[in-house]
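Asker: Spelled out from the first residue to the last, the chains are:
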Amino acid sequence: MSIQESLRIVPKGDIALLEWDLFGEKVNKLSTPVMFRLREVVEELKKSSFKAVVMVSRKSKIFIAGADIEEIKRINTKEEFNKVLTQAHEIFNALEDLPLVTIAAINGACLGGGCEMVLACDYRIASDSPDTKIGLPEVKLGILPGFGGCVRLPRTVGLPASLDIILAGKAVDGRKAEKIGLVDACVPAQQLEERALAWAREKIAAGAKKRRKTYRPVGAMNKFMDSFLGRPVVFSQAKKGVLKETKGFYPAPLKALEVVSRTYGMSQRERALAIEAECFIEVATTAVSKNLIDLFYMMEAVKKQTGVEGKDVKPLPVQSIAVLGAGTMGGGIAQVAADKGILVRMKDISNEQLAVGFRHASEIFGKYLKRKRITKYDFDAKMSRISGTLDYSGFQQMDVVIEAIIEDMNLKKKVIAETVKHLNPECIFATNTSSLSVTEMAEAHPHPENFVGMHFFNPVDKMPLVEVIRGPKTSDVATATIFELSKRMGKTPVVVQDGPGFLVNRLLMPYMIEAMFLMQDGMAIDVVDRWYTHKFGMPMGPFRLMDEVGLDVCIKVVKIFHKSLGDRIEVPKLITALNESSRKGKKNGRGFYLYDAKGQQLSVDRAVYGELGLGAPTNPLTEKECLERGVFTMINEASLALIEDRIVQTPQDVDLAMIMGTGFPPFRGGLLKYADALGTQYVAQELELYASKCGSRLRPAQPLANLAKTNRKFYATSHKGGVENGVGAQAERGV
Amino acid sequence: MAQDRDVVLVEGVRTPFVKSDTKFKDVHPAELGRVAVHELIERSNLDVNMVDEVIIGNTGNPPDAVNIARVVALRAGVPLNVPAVSVHRNCASALESITTGFERIRAGTCDTVIAGGTENMSQLPLIMSKPFVQAFQRLMGARSTGQQLSGLFNLIKTDLRQVMELVTTSPLVASPHKPRVSVVEGLTDPFVGINMGQTAELLAKEWNISREEQDKFALASHQKAVAAQKSGRLGEEIASVFLPPSFKEFVVEDIGPRAEQTIEQLAKLKPFFDRKYGTITVGNACPLTDGAGAVLLMSRAKARELGYKPIASIRGYAFAGLEPERMGLGPAYATPVALKRAGLTLKDIGLVELNEAFAAQVIACMKALDSDQFAKDKLGLDKKVGTIDPATLNVNGGAIALGHPVGATGTRLVVTLMKEMKKRNVQFGLATLCIGGGQGGSVILEREN
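Line by line, the protein sequences are chains F and P. Each residue of the first sequence is one higher than the one before, starting from 159 at the first, in our numbering. Each residue of the second sequence is one higher than the one before, starting from 706 at the first, in our numbering.
Be careful, since some hints might not be right.
Below, simulated DSS-like cross-link-like pairs (lysine-lysine); rule was C-alpha separation at most 30 Å, straight line [what the hints assert, rightly or not]: (1) P/Lys730 / F/Lys534; (2) F/Lys756 / P/Lys728; (3) F/Lys742 / F/Lys721; (4) F/Lys530 / P/Lys728; (5) P/Lys953 / P/Lys883; (6) F/Lys714 / F/Lys744; (7) F/Lys528 / P/Lys953; (8) P/Lys730 / F/Lys579; (9) P/Lys953 / F/Lys530; (10) F/Lys525 / F/Lys461; (11) P/Lys953 / F/Lys620; (12) F/Lys528 / P/Lys730; (13) P/Lys728 / F/Lys534; (14) P/Lys1045 / P/Lys1083; (15) F/Lys204 / F/Lys368.
In short, the hints are calculated from the structure, not lab data.
Next up, chain F with everything else stripped away, as it sits in the complex:
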């Protein structure tokens, strides 16, 4: 009964109004039962006396969100995929072949399979609501449009516009869709249904003729691009663009391009669709696709999480926040908060310092303005949300205070104790420390339950991760409030326990140190960095990263780590020499690389080798060794952080944090997914080998060694009292 309700025909005279309202769900999606129901409906319509059908959604912000990703995730074999795709093709073909005039009235998200379905209709009418988004995001999940989208979209809107959507996984709003010919009209959202019905009546009056919209290029340039001469140029340009964007790590967009190039202009629909299916199966069965889908699920899971286990814990409402310290971090936090409608009061010790914060925010909003992401009215409104103060005026009204002053424990404690006097007792106090103990800092707060860490990464506007650090006394409410605030600020929060470097910096530190050892062993800076970016897929290599962080900061943190984590962190000799040099990285223009005044990277500073007492690099090590030593040392550290120190709860936390916080290649699924894919045994063996050659720092840690004994996976291992949870754990079970 329920599935019947989900897709129902409401007669309106000659017209059948087809209402989509998936039973028991917030969104409409094309799961197998829904597809079967659609087939029934199409059959029914075919036999009926209706002359037209108008499809509408009864969900407020969703037309059809897409195919059911859960199903795609479950399918593993080519045969199963083939069955699902063939079925979908048959159903959409039947829809396309209906003798009735078919009209989709689109309001809200119409993505993936939803978009592919409306492309099988005669006419599409979109609402002008900002919620209306029509597009094909498949490549973001490592797959390609497989329900006919690669065939029908280019036919409908032409090559340039369709490649733009398919290859980047883009979605367009109603107006843009009308402009490129994806929809026939963009109408006021309030009148969508009546206008679609009127459109149907008009078409019936004109004889209820079918039509198949086919792109007709207008203008010489478009005609050329659509011609047999122009097409190869379009395809090769598109390919170049994709390769530049993906560095060749993501097969889906290239495959999608292949489908379009092989099927564009093809008259036999079935043959074209078969090519699409064949290519879809090729990419959908890759690990890349599985990894990207898992990542999607992890992100979706965060949206639903609260950061704490108790279901009845409610985050406190946050209207205004105070930021202590208006430097790069403080200004960055202020900008991100103001962007999302939160009032921010920056406090610093001088107007000169406050100006730094204001300037930082205005520069970022200025960029948005230049790129037309916001209007000048938005710019004024957003900047207006930020105020500056030298005293504690206004602090009584603050819901959250975020401390972002310099990394000095005593100073921070002093500031916390002083600030608390001016706050209301419910105010949550967060510290944006990257290396100091949240537990110790909390001692300065009279109510340590209201004290929590909120570690943003630099640059705040671009880095999506926030580590929410729970001290031993931090309350659930404080954690949930900061978790929710991070989400509101557009960030992905991961809850971590207090410990040196928390999670991300703790894992990065041995990795950066290992890079220095590689250099000590005769490797060239740029060679190592290029391998990490071009062969492994990191956004930047370890040396470039150290320059970005600041060499002085790195040295300081290495020392802190050495103190708290002991000999596991071996300090390379280079550090002493580096410490004595004036190199601070990007901020003073001199690090491993040289930078111009604007911070643009110029080239490796050849002088650095000599300065650090090294000869000219001879590059004696293999690519494999260079990559493995760096990445495996992170895996090693992660095993300790996850299994022994319980800094985070699940391997998903590690992977999400690494992808969001360091740009660890998403197509690899995350650090521990990658370790599992290689096998823990292999990782441990290799580490053992490197350890015997290069020093005990690389010896596999106990938790990793334990896993390796039976080649168990991080994801299959229970880290929480025997309860296996999380999508990844389920996916890997029994493999």
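Given the coordinates of chain F, work out where chain P should sit on it, guided by the hints.
Answerer: Only chain P this time, still in chain F's reference frame:
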């Protein structure tokens, strides 16, 4: 005795007052107002949901923010459901906003009002001549290419005439194609057709006020302002303005007071409005200025409920009218009425903020208040209103040094007065100013304990 519907001043703040065409020249008056209101909210730890209305004075009426109060309110974070109104009583617009708020609270229609004013005289527009405007409109309405070409030709023709007239006549003399300077027009009385400076010249002559007396007064204004800047007294009422759009610079204090000002320098200046027989110079008149201010008004009951300790209460106010050509004497007309409404006499007043549009005008007011003859002839009173002790007058300097952003000054007077009353432990204070067009406005404050 204390009544629930007494109107109290909880907090007050203003931006720096900055000489026009300097630091604030590119800052929209709405942004100046926003800073003042935003800081007022923060400094008073106000829950913005408590605000019943925002009332902002402004005279320039910027074409891109015609109800500037609404723009100021929304940008400052006041909720969407709170109404906002801009008020205009020329030089007293930012006093009008306070008295309007006072009436609303007294009447019980509001409990919490943000009142203030903002003005950016640097941004007052140049008004194009009528022929130019018509030519421009014709071009805008042109459809065919022929119409467009002839429209363009026509526009160039009027433009050339404009340039011709600008080179052949003195800039401020009216002529048919020349643009008009709105700040000049605004400072010319539309009823009697004389300039504000000329009204001051009239008072100087009628009340026999010498050039020397005026220059001395002006010098004292600078000296008092500079001293107040140095001691930090003025700083307390000022909120820094960070300058958009780049925010590279900021202003923390008034740009106007001159520490190095000497009487000799003032004496050297030529009379500006009456070159031959005049005494009013740019040195003993207030400069064009940009700035904003805001105060938080509440009913006594509301302030008590929210746990505020108000700084002062408003005992009464009055506006009065007089001959436009003697507008500078306005305070002498409004003050006795306000005093009467407050049930006080001038003797009770321990501090006075009397806006210094012109030194001559302030001195004339003091003389008039101290004159039995004036009281009899003009006020219908038996004897003089009283004497203002110069030591209680404009203790932190006045508009000659600080400047007079027309639509913001009224609030500045009240803010300075309430803060000084508290510091000096003065029971009653008077804030008063003359109003272009021939009016005076006065408000009497009482210190709260």
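Asker: None of the hints should be skipped; say for each whether it holds.
Answerer: Now for the hints, and whether the structure bears them out:
1. Distance restraint check for P/Lys730 and F/Lys534: the Cα-Cα separation of roughly 18 Å lies within the 30 Å cut-off, and the hinted pair is therefore satisfied.
2. Only pairs whose Cα atoms come within 30 Å are accepted, and F/Lys756 paired with P/Lys728 is accepted, the gap being roughly 28 Å.
3. Of the supplied pair hints, the one linking F/Lys742 and F/Lys721 holds, its CA atoms being roughly 22 Å apart against a limit of 30 Å.
4. Only pairs whose Cα atoms come within 30 Å are accepted, and F/Lys530 paired with P/Lys728 is accepted, the gap being roughly 28 Å.
5. Taking the CA atoms of P/Lys953 and P/Lys883, the gap is near 37 Å; set against the 30 Å cutoff, the hint is violated.
6. Taking the CA atoms of F/Lys714 and F/Lys744, the gap is about 16 Å. The hint holds against a cut of 30 Å.
7. A distance of roughly 18 Å separates the Cα atoms of F/Lys528 and P/Lys953; the hinted pair therefore holds under the 30 Å criterion.
8. For a cut-off of 30 Å, the pair hint linking P/Lys730 to F/Lys579 is broken: about 40 Å separates their Cα positions.
9. Distance check on the hinted pair: P/Lys953 and F/Lys530 sit about 23 Å apart at the alpha-carbon level, within 30 Å; holds.
10. Restraint check for F/Lys525 and F/Lys461: satisfied, since their Cα atoms lie roughly 28 Å apart, inside the 30 Å limit.
11. The straight-line distance between the Cα atoms of P/Lys953 and F/Lys620 is roughly 23 Å, inside the 30 Å bound, and the hint therefore holds.
12. Restraint check: the Cα-Cα separation between F/Lys528 and P/Lys730 comes to about 23 Å, which is no more than 30 Å; the hinted pair holds.
13. Our distance criterion of 30 Å between C-alpha atoms is met by P/Lys728 and F/Lys534, whose separation comes to about 21 Å.
14. The hinted pair formed by P/Lys1045 and P/Lys1083 meets the criterion: a straight-line CA distance of about 16 Å does not exceed 30 Å.
15. Our distance criterion of 30 Å between C-alpha atoms is met by F/Lys204 and F/Lys368, whose separation comes to about 14 Å.
Hints 5, 8 from the earlier list are contradicted by this structure; the remaining hints agree with it.
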